[in-house]
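With the hints as extra help, turn the sequences into a complete structure.
Each protein sequence line maps, in turn, to chains A and B.
Residue 291 in our numbering is what sits at position 228 of the first sequence, and the numbering runs on without skipping anything.
Residue 286 in our numbering is what sits at position 262 of the second sequence, and the numbering runs on without skipping anything.
By construction, these hints were calculated from the structure, which means they are not laboratory data.
Hints may be right or wrong, so weigh each one.
Computed from the model, here is a short list of chain A residues facing chain B with C-beta under 7 Å [as the list claims (entries may be wrong)]:
id	residue
1	F186
2	A189
3	V192
4	A319
5	H370
Treat the numbers as computed from the prediction; the structure is a model and nothing was measured.
All residues carry an ideal CB built from backbone N, CA and C; glycine is no exception.
Here is how the chains run, residue by residue.
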Amino acid sequence: MSPSALPDGDPAPASGRLPASALEGLADIDLGIYVHVPFCTVRCGYCDFNTYTVTELGGRGPHGAAVGVDTYADVALREVDLARTVLGDQSPTVSTVFVGGGTPTMLPSADLVRVLDGIRQRFGLASDVEVTTEANPDSVTPDSLRELSEGGFTRVSIGMQSAVPHVLATLERTHDPDNVARAVSAARDAGLQVSLDLIYGTPGESLSDWRRSLDAVVALAPDHVSAYALVVEAGTKMAAQVRRGEVAMPDDDDEADKYELADELLTAAGLGWYEVSNWARSPATRCRHNIAYWSGTNWWGIGPGAHSHVGGVRWWNVKHPSAYAARLADAVSPAHARETLTAEQRHDERMLLGSRLVSGLPLEEVRGPGRTAVAGLIADGLVDGTSALSSGRVVLTRRGRLLADTVVHRLLAP
Amino acid sequence: MGDLAGRATLEPPGLPPSTPTNSCEVRPTVSPMARSALAPNATPPDLIRNFCIIAHIDHGKSTLADRMLQLTGVVDARAMRAQYLDRMDIERERGITIKSQAVRMPWAAADETGALTTYCLNMIDTPGHVDFTYEVSRSLAACEGAVLLVDAAQGIEAQTLANLYLAMENDLTIIPVLNKIDLPAAQPEKYAEELARLIGGDPDDCLRVSGKTGEGVEPLLDQIVKLLPAPTGDADAPARAMIFDSVYDTYRGVVTYVRVVDGNLSPREKIVMMSTRATHELLEIGVISPEPVPGNGLGVGEVGYLITGVKDVRQSRVGDTVTNAGKPAKHDLGGYRDPKPMVFSGLFPIDGSDYPALRDALDKLKLNDAALVYEPETSAALGFGFRVGFLGLLHLEIVRERLEREFGLDLISTQPNVVYDVVLDDGKAVHVTNPSEYPDGKIREVTEPVVRATILAPSEFVGAIMELCQQKRGSLRGMDYLSEDRVEMRYTLPLAEIVFDFFDQLKSRTRGYASLDYELDGDQVSDLVKVEILLQGETVDAFSAIVHKDKAYNYGVMMAGKLKELIPRQQFEVPIQAAIGSRIIARENIRAIRKDVLAKCYGGDISRKRKLLEKQKEGKKRMKMVGRVEVPQEAFVAALSSDGDKGKK
Numbered sequence: 064m065s066p067s068a069l070p071d072g073d074p075a076p077a078s079g080r081l082p083a084s085a086l087e088g089l090a091d092i093d094l095g096i097y098v099h100v101p102f103c104t105v106r107c108g109y110c111d112f113n114t115y116t117v118t119e120l121g122g123r124g125p126h127g128a129a130v131g132v133d134t135y136a137d138v139a140l141r142e143v144d145l146a147r148t149v150l151g152d153q154s155p156t157v158s159t160v161f162v163g164g165g166t167p168t169m170l171p172s173a174d175l176v177r178v179l180d181g182i183r184q185r186f187g188l189a190s191d192v193e194v195t196t197e198a199n200p201d202s203v204t205p206d207s208l209r210e211l212s213e214g215g216f217t218r219v220s221i222g223m224q225s226a227v228p229h230v231l232a233t234l235e236r237t238h239d240p241d242n243v244a245r246a247v248s249a250a251r252d253a254g255l256q257v258s259l260d261l262i263y264g265t266p267g268e269s270l271s272d273w274r275r276s277l278d279a280v281v282a283l284a285p286d287h288v289s290a291y292a293l294v295v296e297a298g299t300k301m302a303a304q305v306r307r308g309e310v311a312m313p314d315d316d317d318e319a320d321k322y323e324l325a326d327e328l329l330t331a332a333g334l335g336w337y338e339v340s341n342w343a344r345s346p347a348t349r350c351r352h353n354i355a356y357w358s359g360t361n362w363w364g365i366g367p368g369a370h371s372h373v374g375g376v377r378w379w380n381v382k383h384p385s386a387y388a389a390r391l392a393d394a395v396s397p398a399h400a401r402e403t404l405t406a407e408q409r410h411d412e413r414m415l416l417g418s419r420l421v422s423g424l425p426l427e428e429v430r431g432p433g434r435t436a437v438a439g440l441i442a443d444g445l446v447d448g449t450s451a452l453s454s455g456r457v458v459l460t461r462r463g464r465l466l467a468d469t470v471v472h473r474l475l476a477p
Numbered sequence: 025m026g027d028l029a030g031r032a033t034l035e036p037p038g039l040p041p042s043t044p045t046n047s048c049e050v051r052p053t054v055s056p057m058a059r060s061a062l063a064p065n066a067t068p069p070d071l072i073r074n075f076c077i078i079a080h081i082d083h084g085k086s087t088l089a090d091r092m093l094q095l096t097g098v099v100d101a102r103a104m105r106a107q108y109l110d111r112m113d114i115e116r117e118r119g120i121t122i123k124s125q126a127v128r129m130p131w132a133a134a135d136e137t138g139a140l141t142t143y144c145l146n147m148i149d150t151p152g153h154v155d156f157t158y159e160v161s162r163s164l165a166a167c168e169g170a171v172l173l174v175d176a177a178q179g180i181e182a183q184t185l186a187n188l189y190l191a192m193e194n195d196l197t198i199i200p201v202l203n204k205i206d207l208p209a210a211q212p213e214k215y216a217e218e219l220a221r222l223i224g225g226d227p228d229d230c231l232r233v234s235g236k237t238g239e240g241v242e243p244l245l246d247q248i249v250k251l252l253p254a255p256t257g258d259a260d261a262p263a264r265a266m267i268f269d270s271v272y273d274t275y276r277g278v279v280t281y282v283r284v285v286d287g288n289l290s291p292r293e294k295i296v297m298m299s300t301r302a303t304h305e306l307l308e309i310g311v312i313s314p315e316p317v318p319g320n321g322l323g324v325g326e327v328g329y330l331i332t333g334v335k336d337v338r339q340s341r342v343g344d345t346v347t348n349a350g351k352p353a354k355h356d357l358g359g360y361r362d363p364k365p366m367v368f369s370g371l372f373p374i375d376g377s378d379y380p381a382l383r384d385a386l387d388k389l390k391l392n393d394a395a396l397v398y399e400p401e402t403s404a405a406l407g408f409g410f411r412v413g414f415l416g417l418l419h420l421e422i423v424r425e426r427l428e429r430e431f432g433l434d435l436i437s438t439q440p441n442v443v444y445d446v447v448l449d450d451g452k453a454v455h456v457t458n459p460s461e462y463p464d465g466k467i468r469e470v471t472e473p474v475v476r477a478t479i480l481a482p483s484e485f486v487g488a489i490m491e492l493c494q495q496k497r498g499s500l501r502g503m504d505y506l507s508e509d510r511v512e513m514r515y516t517l518p519l520a521e522i523v524f525d526f527f528d529q530l531k532s533r534t535r536g537y538a539s540l541d542y543e544l545d546g547d548q549v550s551d552l553v554k555v556e557i558l559l560q561g562e563t564v565d566a567f568s569a570i571v572h573k574d575k576a577y578n579y580g581v582m583m584a585g586k587l588k589e590l591i592p593r594q595q596f597e598v599p600i601q602a603a604i605g606s607r608i609i610a611r612e613n614i615r616a617i618r619k620d621v622l623a624k625c626y627g628g629d630i631s632r633k634r635k636l637l638e639k640q641k642e643g644k645k646r647m648k649m650v651g652r653v654e655v656p657q658e659a660f661v662a663a664l665s666s667d668g669d670k671g672k673k
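Following this line, the structure appears as structure tokens:
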């Protein structure tokens, strides 16, 4: 059950320094900061995220550095220091902060706020900064949420996953479904925007189970919804269960049905899609940090296994929390490897990522043969004809969103 | 380690340990090694013994041959060790066996009085596989006797048996030998019985050797001298020499191996190839011992090589007779046959831009393979390639492997098929080497080639084999018990069935114990039809097949089912149909794909996602378009592959 493997890449320098080309125009591009909190009370069977339980970490890690829930905020702040050094004085103020995990709310709210304060001190926060934390419905209270809000957090993304007990059981989610409603209302009382995270396609989940979850979501009237199809990742407990035939592999057709149902019900409830797997009450409640990933702006990922992107350089940190802490203790960049994107790779990424957004891709960015493919994509019902004609943008239809890979391949046609 | 270190300083292998003139040389002791060798072109036929070794692929022929080379002093012990070490890499099989199509070895044997006489032994190599029966027959025709070498732990195999019969038909004297007697699993008594039953004689006459330890090899050499007849021929007649092998060498051009029957061949003279009447100058003539040693000619009964400067083995064909241009023989030695391709397959480069490279590679292989024929072919599904004719499946496999390994080509080969002769109602005849040539009109008659197959297996499998042969349209010709628990079964079978999956099935139904050999045995009229496979209504020529009417339905269902598994779902539904003419006999459906998007992108790991895209992009390049349907190359390979034929020898 090892967390997902890191990609291969080129070695990253110990200083973490970036090439001058990556820092060009830095001041004019939005900067986001992601903070990874690699702790959970238990590991869920489907999860391949880089997270560890207290037992797994066993107090002191193999690299000798003490790392744990109580010390993590200080370790993370060291990387914030590093980020400030590497990005230098040209760095803009931070537009978005997103704390994910793991289970960020395993940390005391005071620690989360302390990390945010650290970012504010070193970089400054934009006046309209968006600050999100993921939260487990069981590990938040009205007080902890208020503390976050007062500390500068603006959003909370609650890991609801499903409203159906047997689905939660298969996912090995231990939270009490009733706690979701309590968390939502406490967050709202604290002045936080609320997003609900859902998973569909869990083995054993029927279409009506899924409808029940969606109905529950609609009833809670969140500002934002993320719904992700379950992917059985190699190396997870669930993958082993599938291999042994204990649970069924999620079926693409079933997931397609569920996606269509979600899009239908959420749209009807006033939540519009803005990215393949994300819906928002209004453009103002879209997750700007999430959009940054898809639009290719800059972000720095703090924490073990976190990924970063600045000016066409992508890098990722060592995975184990103790190795991560040890590097920082030695004033060495925790980056495990990096890659500098070629022009072609940047173009491919642009097509791959931009096509997932409701804003779509400007037609003029689609190259030669890919552009002639657009007519065919419209004819096949994968690209919205009106957007293409009236605003010159390639925007996916509902069917097209489900077949986004096909669309991208056709847009990249040689 | 000392030996290994010594390898670097070894004398060049081209230097024979004892040259003909060096008669007083004293060699370190290996007992009756000849003190001097007999000079080529001056050896009385009485002192010549020509033999080959008939053996199954892993029954130890090379090891025994090496041991003979060592004991006769042709290769010294130190060089032999080096050679043995070389066997670790790919050169190993090629090393001595390829270079030594015919090795001349001196051997001193004692007569009744104990007096030693030096003889000249020519060991002629035989190709060891099923598709090269003709080449084997020519090698055998160059010999007076054969060593029948059988693994004492495994017994005789069908292949060996077939070659043994061939040798017996050629009136060769057979010396039965059990090898690997040093193995714990050896059962020499059991297999001596079996051999005695096959060739007649007493089980005790069966020699027992170990090529590995050398045990029994000296007595074997003595027996070769004693038992095999000396060659006979007319020394004064015009020369007649039979070509039993012909090999293209990058530096020398074609090296031709001959056995002189009558007369004499000398360097610089003009020679004539009797089948083509082509005249060449003999640039070089000599013997191999174990490297080529040019000499002043070859006389009656001798075996050696000649070089004329031709660049293509087609100009120097196995089975042909060589004679003097100045004093040509009236009649050739007989037995020459043009190689005739029996199995055809389309070879297509996976990357279409490799087409010129494939053409060049085939042109090169052709220089060394007189049986290889090909012509350009265009397939709607597979693009440009070649229709290639082979002697059989193994030949196909060898050529394909060489194209891939030596020339670095990635190839798709279509389902191999045999040749059919179709006569239409209007009397028009069509020779079909490709299912796409199968005529559409009303058909009066179709004939297909058949083979005479020999199957050897433990007797417990008789039932299973009979059932299989029945299914494969075989008819039993006869059956014999080789020993209490081993049976030889003889069948007539359509070659098409062998080409399809017979060997696979045979192996699986006999848990790998059965061995198979076959040779062509004419044609028969059969009730055959062409089954076409359609994707979204478009015929995919690569999947079409000519099959027996009773098998058409099975083939259609099997291929449609296979393709359904192999072709990924597309944006639209793809019907797969199997049809005979306009009649649909099987149908499958590939449902349209509805979702391929990865929902999330965890923690900003875009790299992983992009790498997936790049991998898919690479994959797209390996897609062939059939109409609008994208078919991965792998699907062609998997649907067309007849895996079971690999490794058959």
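Do the hints match the structure? See the list:
1. The beta carbon of F186(A) is not positioned within 7 Å of any beta carbon in chain B (closest approach about 18 Å), and the interface hint is therefore violated.
2. For A189(A), the shortest C-beta to C-beta distance to chain B is roughly 19 Å, which exceeds 7 Å, and the interface hint is violated.
3. Violation of the interface hint for V192(A) is found here, the shortest Cβ-Cβ separation to chain B being roughly 18 Å, above the 7 Å cut-off.
4. For A319(A), the interface hint holds, since its Cβ comes within 7 Å of a Cβ in chain B; the closest pair sits about 4 Å apart.
5. Checking H370(A) against chain B: minimum C-beta separation of about 4 Å stays under 7 Å; hint holds.
Of the numbered hints listed earlier, those contradicted by the structure are 1, 2, 3.
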